[in-house]
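Undergrad: Residues per chain, in single letters:
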Amino acid sequence: MESTPVSKERWALDGPALDTFLTYLDADRERAGEQYEKIRQKLLTFFRCNGCWNPEDLVDDTIDRMIRRLSDVEVQNLMSFIRGIARKVAWEYHQKARQARETPLDEVGELPQSGGPDPEIEYEVNRRLRCLDSCVPLLAPDDRELIMQWYIYDKGQKIENKRRLAELRSASPGTLRVQAYRARNRLQKLVEKCLAESRTP
Amino acid sequence: MWQVAESDKQLIRYLLGDLSAEERDRFEGRYFEDDALHEQLLAMEEELVDAYVLGELSAEQRQHFEHFFLRSPERYEKVKLARALVRFGDQQAHSLAQASSGILPTVQRPKHSLRSFFDFTGFRLQLAFGGAALLAILAAFVIWQNGRQSQMARNRTEGPNLESPSSRIPAMAPPAVLPSPTPAMTPPSVRPLSAPSPLAVTPRPSEPVAAQPSYQPSKTPAAPPPQRADTAQPLAALSEAELKVAQAFLHVEIVPSEDARDIAIRRIGGAPAASGFVQIDGPQAQTPVLMNGTALARQVPARVPLPVGKYEIRIVDGDKILSRGTVEVTAASVSMMTIRSQQ
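Line by line, the protein sequences give chains B and G. For the first sequence, the numbering used here gives the first residue as 1, with consecutive numbering after it. For the second sequence, the numbering used here gives the first residue as 1, with consecutive numbering after it.
For reference, chain B alone in the conformation it holds in the complex (with noise of 0.2 Å):
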């Protein structure tokens, strides 16, 4: 079940096609919607997973492809055909990497940064601390009392804090930590759209 050649010129996704494809993954146009935003998570998860440095593309490449070959061939297994596609088009990319040219030192600037003591980096991460500041208050109480329970602890007492949290929570640290992932992600929109607003003159 291989994809064809990419063809030089890019095929386009239309409307029609995308709705053929929303019905083909539920008659229900909500619940396609809801499955479609499912296989785009796992996507861009696996292209993170497997070194690709802009999985956004990758995944729209994806798509477009296993919409493409949709209409050519009958699919036993939705999720593991996407994942095939998804394999050749993180092998292609890989291969691509490996013929792009070598950018001398000098041309490469100022890097994206984890954390440190460099001085961008601390801009960066005190901008966000400042977006917590509000945001924090704008979440759901249960996110907001979650959040706060999962960051505040006493140095070295991490383990314990989660282990008293799933206690108190009756979860257990695997579900517990899913919410807590849950709640967090909600926060990161509104930081993002604090950091967003906060560009803005």
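Hints are computed from structural coordinates only; laboratory data are not their basis. One thing to keep in mind: the hints can contain errors.
Stated by the list, open to error - Subject to a maximum C-alpha distance of 27 Å in a straight line, what follows is the list of computed DSS-like cross-link-like pairs (lysine-lysine):
no., chain 1, residue 1, chain 2, residue 2
1, G, K9, B, K162
2, B, K38, B, K158
3, B, K158, B, K189
4, B, K189, B, K162
5, B, K38, B, K189
6, G, K320, G, K310
7, B, K158, G, K9
8, B, K38, B, K88
9, G, K9, B, K38
10, G, K9, B, K155
Knowing the structure of chain B, use the given hints to seat chain G on it.
TA: Chain G alone, transformed into the frame defined by chain B:
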């Protein structure tokens, strides 16, 4: 050290790119079919980022994290948010401890810990504590919020535009120093381009690479950012002729050691690799810093960006290596080497 359940180890190994091709393929097949497993994976991704920010990863995990995990811009963003959240938690804990000590004078409250709230088993005591703690949180939040607002107002009236990075950056802590195991070396007499004193490389004592969160009051005074030592001298500012002269005389050379990757950085579709900095300190002198025949700085002191990896820093005079030291560059860190005048 970060402790994870046995059942979670596969998730972590997958996230760190540490599974074999066969294991990875099997695992991907599972989460493509299983929404719950996919969500667990995403949740573990967040926890992994927290562990990195808190400095809890093993050396090997950290290496995988920086070389593999951080290849995506979304993940850089997660690291920044995690750092902010950890500080946020520290500040809240601090405010909470201060506020609750005033609000709950008659209740025996063990130390200043929020977790101790969960130690009590009596329901009524929990209820009473819950109410009091809620009050404390609210009070702390109001105090803290007011403090921040007044600080912002002060900054608006006293300082330059808050949006300007230079005014928003708090005073920088001393940069982290990465392991630089070679002892100080004393070169024989040397011939500097303009500074007359001979030089010796003296690696500074090691410190861990930062990531430990520390309480930082939210009211950090606005301070200008520290001047980059090499800001006046842009990278590769030497002409070819100057470069030849520099190579013939005293200069600092950065040479990737075996573990260093991507020295000529391979950038794909605008994708930058993880990088850090090496700060080369010492008496100001026209001693250029070169790497692979390219000038990274015209003089020392200088701060040069480098891809993550291990490097050897050499003081070279013509074709003679006077001294050498090694340094490891990790993502977003500043590794320091000090060049001292020899008396």
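Undergrad: For the pair supplied as a hint, K38 of chain B and K88 of chain B, is the alpha-carbon distance within the 27 Å limit?
TA: holds, 20 Å
Undergrad: Is the hinted pair K9 of chain G and K162 of chain B satisfied, with a Cα-Cα distance of at most 27 Å?
TA: With a Cα-Cα distance of about 18 Å, the restraint between K9 of chain G and K162 of chain B holds, given a limit of 27 Å.
Undergrad: Check whether the Cα positions of K9 of chain G and K155 of chain B lie no farther apart than 27 Å.
TA: Judged against 27 Å, a Cα distance of about 24 Å means the pair holds.
Undergrad: Is K189 of chain B close enough to K162 of chain B, meaning Cα to Cα at most 27 Å?
TA: OK: K189 of chain B and K162 of chain B at ~24 Å, within 27 Å.
Undergrad: Does K38 of chain B lie within 27 Å of K9 of chain G when you go C-alpha to C-alpha?
TA: Holds, at about 24 Å.
Undergrad: Tell me if the straight-line CA distance from K38 of chain B to K158 of chain B falls inside 27 Å.
TA: Violated: K38 of chain B and K158 of chain B sit about 32 Å apart, past 27 Å.
Undergrad: Next pair to validate is K158 of chain B with K9 of chain G; report whether the Cα-Cα distance is within 27 Å.
TA: holds, 19 Å
Undergrad: Next pair to validate is K158 of chain B with K189 of chain B; report whether the Cα-Cα distance is within 27 Å.
TA: Status holds; Cα separation ~25 Å.
Undergrad: What's the verdict on K320 of chain G and K310 of chain G, does the C-alpha distance respect the 27 Å limit or exceed it?
TA: Roughly 22 Å separates the two Cα atoms, so the pair holds.
Undergrad: Between K38 of chain B and K189 of chain B, does the CA-CA distance stay at or below 27 Å?
TA: holds, 18 Å
Violation of the numbered hints given earlier is confined to hint 2; every other hint is satisfied by the structure.
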